[in-house]
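Go by the hints and put chain B onto chain A.
Chains as they are written, first to last, in the working numbering: chain A, 95 to 276; chain B, 95 to 276.
Hints may contain errors.
The list treats identical chains as interchangeable, and a pair is accepted whether it falls inside one copy or across any two copies.
[Stated by the list, open to error] Dumping the calculated DSBU-like pairs for lysine-lysine here, alpha-carbon to alpha-carbon at most 30 Å:
hint	residue 1	residue 2
1	K202	K176
2	K195	K249
3	K255	K202
4	K195	K255
5	K249	K149
6	K105	K176
7	K125	K176
8	K195	K161
9	K149	K105
10	K161	K249
11	K105	K161
The set of hints was computed from the structure by calculation and includes no laboratory data.
Protein chains: 2
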Amino acid sequence: MVTVWRSIVRKGDTVVDATCGNGNDTFAMIKMVADERDKEYKVESAIASTFSFLKMAVNSHELELVKLFTICHSRMEEVVPKDFPVRLVPFNLGYLPGGDKSMITVAKTTELALQAASRIVSSGGLISVLVYIGHLGERDELDVVESFASSLPMKTWMSCKFEMMNRPFEMIDQWLHFENLG
Amino acid sequence: MVTVWRSIVRKGDTVVDATCGNGNDTFAMIKMVADERDKEYKVESAIASTFSFLKMAVNSHELELVKLFTICHSRMEEVVPKDFPVRLVPFNLGYLPGGDKSMITVAKTTELALQAASRIVSSGGLISVLVYIGHLGERDELDVVESFASSLPMKTWMSCKFEMMNRPFEMIDQWLHFENLG
Chain A
95 MVTVWRSIVR KGDTVVDATC GNGNDTFAMI KMVADERDKE YKVESAIAST FSFLKMAVNS
155 HELELVKLFT ICHSRMEEVV PKDFPVRLVP FNLGYLPGGD KSMITVAKTT ELALQAASRI
215 VSSGGLISVL VYIGHLGERD ELDVVESFAS SLPMKTWMSC KFEMMNRPFE MIDQWLHFEN
275 LG
Chain B
95 MVTVWRSIVR KGDTVVDATC GNGNDTFAMI KMVADERDKE YKVESAIAST FSFLKMAVNS
155 HELELVKLFT ICHSRMEEVV PKDFPVRLVP FNLGYLPGGD KSMITVAKTT ELALQAASRI
215 VSSGGLISVL VYIGHLGERD ELDVVESFAS SLPMKTWMSC KFEMMNRPFE MIDQWLHFEN
275 LG
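Here chain A stands alone, though its shape is the one from the complex (with noise of 0.2 Å):
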């Protein structure tokens, strides 16, 4: 997956960690937003559970370009600047590996959270959503994603679901990629 990230992102990139968990994926996209050559760029992340981990792994020129927000990824819209068009915006749902399985994202604020990403990732941006499957209402939310999906314009956004085939039930995940093709 970071891989793909990586296709797309570039120094310098605005980039919301949508569903900050314990810090990897906006460790990577730290990685791949920063630049020694100029302080101006931001790592906008919705959650904030991630400090501790972010202050031991980056550097203090790259923990300035992190912000962390707590609150509903679903208002991402209210805290990212106006003026820094959004390259990346991933979503990793269902539980916090490791955590209280009980707190779970949710269908409703997942549908609009997806939906205000879409309205702030700029041309050539990607919105990237990891589905876990087997945990309480993960099947309501992969319905929200998968309709989600469906319903994007044709001649602006390629989208598109990349699944495992050969697991048990429980390890199925299901990988969703949208690019704003502008």
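Just chain B now, kept in the frame of chain A:
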């Protein structure tokens, strides 16, 4: 699709075009395996309708690498040399583009051909299947391909499906990849 094949196939590999069409895939495969230093390498093709295209499109050295057989792809093991591990077996299911739409690949023989391909593909090799939806018989064929996909043992095969989500019904296609992990 060809980009992924290129990441798998090396000069000198043996490859089998399981559903020779107008010659485009076969042509791409020749270019991947042809090596000026050695004439021992072979491209095996299960259905011959492309010889005239290849005669125009490739040089005589490259043409020597190709063997075309007008047999059902379920019988590919009869014509693939035993001592050449096969690196790539693509299937392009359905009807011939621009051809007679009543002439289609058939679920039962497709199933047998996939099983045959899984026996001849070497470790590190790939079975690549493109399924178009929206022609008579395609639903049965997709069922067969998906159940083959789910049946591959997880330890030795990476089995995945890729599909476009925002296309009208007659333009939907699905692309499945089965990589032999050895």
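Structure-based check of each hint:
1. K202 x K176: within (25 Å within a copy, 56 Å between copies)
2. K195 x K249: between (39 Å within a copy, 28 Å between copies)
3. K255 x K202: Answer is both; intra-copy 20 Å and inter-copy 27 Å each pass.
4. K195 x K255: Cα proximity of K195 and K255: in one copy and across copies (25 Å, 28 Å).
5. K249 x K149: Result: close neither inside a copy nor across copies, 42 Å intra and 37 Å inter.
6. K105 x K176: within (19 Å within a copy, 50 Å between copies)
7. K125 x K176: Answer is within: at 23 Å inside a copy they meet the 30 Å cutoff, but 48 Å across does not.
8. K195 x K161: within (26 Å within a copy, 56 Å between copies)
9. K149 x K105: Within one copy, since 21 Å is at most 30 Å while 47 Å is not.
10. K161 x K249: neither (33 Å within a copy, 41 Å between copies)
11. K105 x K161: Close inside one copy (17 Å), not across copies (48 Å); limit 30 Å.
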